[in-house]
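So for the sequence shown, the numbering used here puts the first residue at 493; every next one is plus one.
Worth double-checking, as some hints may not be accurate.
Said to hold, decoys possible - Label pairs and their computed distance ranges (CB to CB):
#1 G542 x T624: 37 to 43 Å
#2 S525 x T625: 35 to 41 Å
#3 T637 x I522: 28 to 34 Å
#4 N528 x F503: 39 to 45 Å
#5 T618 x G494: 23 to 29 Å
#6 N617 x G638: 19 to 25 Å
#7 T495 x T626: 38 to 44 Å
It is worth saying that the hints were derived from the structure and are not from the lab. Beta carbons: idealized from backbone N, C-alpha and C, even for Gly.
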Amino acid sequence: TGTEMITWGGFGYYPGNSGQRYDPITDTWISTSSVNAPDRRYGHSGVWTGTEMIVWGGVTSAYTNTGGKYNPMTDTWTPTNSSNAPDARFAHTAIWTGSEMIVWGGFLYQFGPQYLNTGGKYDPNTDTWSATTTANAPAGRWSHTGVPSGPALR
493 TGTEMITWGG FGYYPGNSGQ RYDPITDTWI STSSVNAPDR RYGHSGVWTG TEMIVWGGVT
553 SAYTNTGGKY NPMTDTWTPT NSSNAPDARF AHTAIWTGSE MIVWGGFLYQ FGPQYLNTGG
613 KYDPNTDTWS ATTTANAPAG RWSHTGVPSG PALR
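Could you build the full structure based on these sequences and the hints that come with them?
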């Protein structure tokens, strides 16, 4: 956030829909609200928008294409719209462009392994998704890394 680290969800003894905020100056942890938080999951992605953390995708009891927006100033969660969201997946990449979250790639096991080369762009201001093109996209993959680059993504 510029002053804190926010953690949420993940895989441990009990994967949860809980989170914590860490303040490195005071060396203290504080729990985030779980009211309206997304279902517990692991293998999801998260980005920081400058005012909110957006989490999306991953595995609950099944692969999911849902998510939520967490506002640390108000300690509140708002679900993300799933209409037109990319297919469910986990171990994908997400980056923040300055105005949209882009998710791409990942893994899905349905009738065999699927390494995805699809994605979507999420605009938190309008709560809408649009697909990324697959023309000339790399081969499907999972557990990869992506970073924003260039002036258009700063």
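Results of checking the hints against the structure:
1. G542 x T624: 37 to 43 Å: violated (22 Å)
2. S525 x T625: 35 to 41 Å: holds (37 Å)
3. T637 x I522: 28 to 34 Å: holds (29 Å)
4. N528 x F503: 39 to 45 Å: violated (22 Å)
5. T618 x G494: 23 to 29 Å: Holds, since T618 and G494 (Cβ atoms, about 25 Å apart) stay within the stated range.
6. N617 x G638: 19 to 25 Å: holds (22 Å)
7. T495 x T626: 38 to 44 Å: Taking Cβ atoms as reference, T495 and T626 lie about 39 Å apart, which means the hint holds.
Comparing the model with each numbered hint stated earlier shows that hints 1, 4 do not hold.
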